[in-house]
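Protein sequence lines correspond, in order, to chains E and Y. So for the first sequence, full-length UniProt numbering puts the first residue at 1; every next one is plus one. So for the second sequence, full-length UniProt numbering puts the first residue at 1; every next one is plus one.
Simulated from the structure, these hints should not be mistaken for laboratory data. Every value quoted in this text rests on a predicted model; they were computed, and no experiment measured them. Only true hints are included.
Distance condition first, Cα-Cα at most 27 Å in a straight line; then the derived DSSO-like pairs of lysine-lysine:
{"id": "1", "chain 1": "Y", "residue 1": "K189", "chain 2": "E", "residue 2": "K39"}
{"id": "2", "chain 1": "E", "residue 1": "K249", "chain 2": "E", "residue 2": "K191"}
{"id": "3", "chain 1": "Y", "residue 1": "K189", "chain 2": "E", "residue 2": "K29"}
Here are some chain Y residues the structure puts well away from chain E; computed CB gaps all over 12 Å:
{"id": "4", "residue": "L8"}
{"id": "5", "residue": "L57"}
{"id": "6", "residue": "V67"}
{"id": "7", "residue": "V68"}
{"id": "8", "residue": "I71"}
{"id": "9", "residue": "W86"}
{"id": "10", "residue": "R94"}
{"id": "11", "residue": "Q120"}
{"id": "12", "residue": "T130"}
{"id": "13", "residue": "P131"}
{"id": "14", "residue": "E142"}
{"id": "15", "residue": "S294"}
Note that the Cβ used here is the ideal one computed from N, Cα and C, for glycine as well.
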Amino acid sequence: MSAATPLPADRPAFAATGRTPLLSVRGVKTFYGNIIALKGVDLDVNEGEIVTLIGANGAGKSTLMMTIFGNPRAREGSITYAGRDITRMPTHEIARLNLAQSPEGRRIFPRMTVYENLQMGAAVNGGAHFAQDLERVCALFPRLKERLHQRGGTMSGGEQQMLAIARALMSRPRLLLLDEPSLGLAPLVVKQIFSVIKDLNERDGMTVFLVEQNAYHALKLAHRGYVMVTGTITMSGTGRQLLDDPSVKAAYLEGGRH
Amino acid sequence: MEVFAQQLINGLTLGSIYGLIAIGYTMVFGIIGMINFAHGDVFMLSAFIALIAFLILTSFLGIASVVVALILVMIIAMALTALWGWSIERIAYRPLRGSFRLAPLISAIGVSIFLSNFVQVVQGARNKPTPPMMREVIVLFERNGYAVALSYRQIVIMVTTAVLLAGFWYLVQHTPLGRAQRACEQDRKMAALLGIDVDRTISLTFVLGAALAAVAGTLYLLYYGVVSFSDGFVPGVKAFTAAVLGGIGSLPGAVLGGLIIGLVETFWSAYFSIEYKDVAAFSILAIVLIFMPSGILGRPEVEKV
Ligand SMILES: Nc1ncnc2c1ncn2[C@@H]1O[C@H](COP(=O)(O)OP(=O)(O)OP(=O)(O)O)[C@@H](O)[C@H]1O
Ligand SMILES: [Mg+2]
Chain E
1 MSAATPLPAD RPAFAATGRT PLLSVRGVKT FYGNIIALKG VDLDVNEGEI VTLIGANGAG
61 KSTLMMTIFG NPRAREGSIT YAGRDITRMP THEIARLNLA QSPEGRRIFP RMTVYENLQM
121 GAAVNGGAHF AQDLERVCAL FPRLKERLHQ RGGTMSGGEQ QMLAIARALM SRPRLLLLDE
181 PSLGLAPLVV KQIFSVIKDL NERDGMTVFL VEQNAYHALK LAHRGYVMVT GTITMSGTGR
241 QLLDDPSVKA AYLEGGRH
Chain Y
1 MEVFAQQLIN GLTLGSIYGL IAIGYTMVFG IIGMINFAHG DVFMLSAFIA LIAFLILTSF
61 LGIASVVVAL ILVMIIAMAL TALWGWSIER IAYRPLRGSF RLAPLISAIG VSIFLSNFVQ
121 VVQGARNKPT PPMMREVIVL FERNGYAVAL SYRQIVIMVT TAVLLAGFWY LVQHTPLGRA
181 QRACEQDRKM AALLGIDVDR TISLTFVLGA ALAAVAGTLY LLYYGVVSFS DGFVPGVKAF
241 TAAVLGGIGS LPGAVLGGLI IGLVETFWSA YFSIEYKDVA AFSILAIVLI FMPSGILGRP
301 EVEKV
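This is chain E alone, in the form it adopts within the complex (with noise of 0.2 Å):
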């Protein structure tokens, strides 16, 4: 795990470095039943980026977050991992491969306190480690700790959000996907778990995979970002250039900066 060097925002990381990347997506087909929703996506996330994937509602995004752990499973093309084909893995596989998700909707174990939740989270690693990651999440999210043993089904959005992001940390990922962390949250709480999500990358080197519908503060975060139109990436490129294009100014950023 190297690049703990910081990474201005509104430069590539490693996309023109000619690395392999850390997470490949390679022509993948995905459908629900006979219903197409992935027509064949390419994508890459080097180690050490911030990506972000941008998109309307029913595009696919969510689909190929999960398609990447395996549910539902690519129907064609290929994912890679850290040099490993994982296209065919069962889902819990891939999650031992030292990558983690927050997916949409949060899914807190609702009957299940927040220490259980984030037990869940460890149990990938045996619980090694768990006392030093447990009082590194709850230094990101003070919230939680003062909520230990509440059940999770009783948390408020925002702090089942928190959770959602611990949860998926107490694995030590070194690729964290996090489908739309800001969904439903009042502005300063966005503002922090997108600040909590910088100093990840910045200060443990942590690769960030993230899926927004706030696509102003997203593309102003990531190193680089795709555009995502009904199940085909129509644009790529860094931060900066997806934020100044007219096309995704239009389409994404309408309303302006909030």
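Starting from the known structure of chain E, arrange chain Y with the ligands on it as the hints suggest.
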């Protein structure tokens, strides 16, 4: 008063056995949303395994101490029945996962019929008795010529149940295994994203349920001294009733439901008529479900994806 005390003891004994079986129904329902109709027959099968193990240990291996024999019998029955539970899930239920909802249910009925016929064929249709054992009773008190007694067998049954349930509760609440089990119950997809092998966890649920049914089977054999191939049905249905009464999906509910069914059944037999004891148990279920559709300790709605 004397009759009441005696029936209380008898009811709790019977209820312990129902509770142990009910846990198997409730856990399997919790994790895959299916009623495992074969569970009663797994219980019956375990009683036969216990009987055979007991006879081998005492007559062939010459173990004289009943307590030692019983402990060994219980371990053997739990292990072999767990293996059956595991195999049944692998062969009859797992291939049907993801197919239409009634498919595993029909398969379970098939397994139930298979198990009772299998035992009937290999063991015969008649009741199989154990040699008499643990006949001792403790007379608690005596009034008007009516003695309230607690038998050694009843003590063994209640203590074993309490100890095993405590251990089981610990397993489910405080071990990674139990956590994985609860996680799969609440959100299977998410559990897989966190590296939990869902299929293995489901297998494990069947193994645990079968092992507890085997404890019930061994205790049943100890209590009644006989078992027949058809003994899976009625206790099975009552334990299922107990699970529904307590709130299907809830472990404490299953135990509570078991105790209630056991008590209702014995009190009804003592005070009203023994012929209608089963009707009483099921009437309670009907009444409770009218006023508490999700059972006594059940969650208001079971969110299943
Ligand atoms: N389980 C499913 N069964 C059938 N179709 C599905 C399923 N999940 C998603 N879809 C369809 O696949 C398409 C892509 O959905 P997806 O959830 O990936 O979109 P998204 O880009 O994440 O949208 P949003 O921004 O609203 O979260 C949509 O048309 C959706 O209706
Ligand atoms: Mg989505």
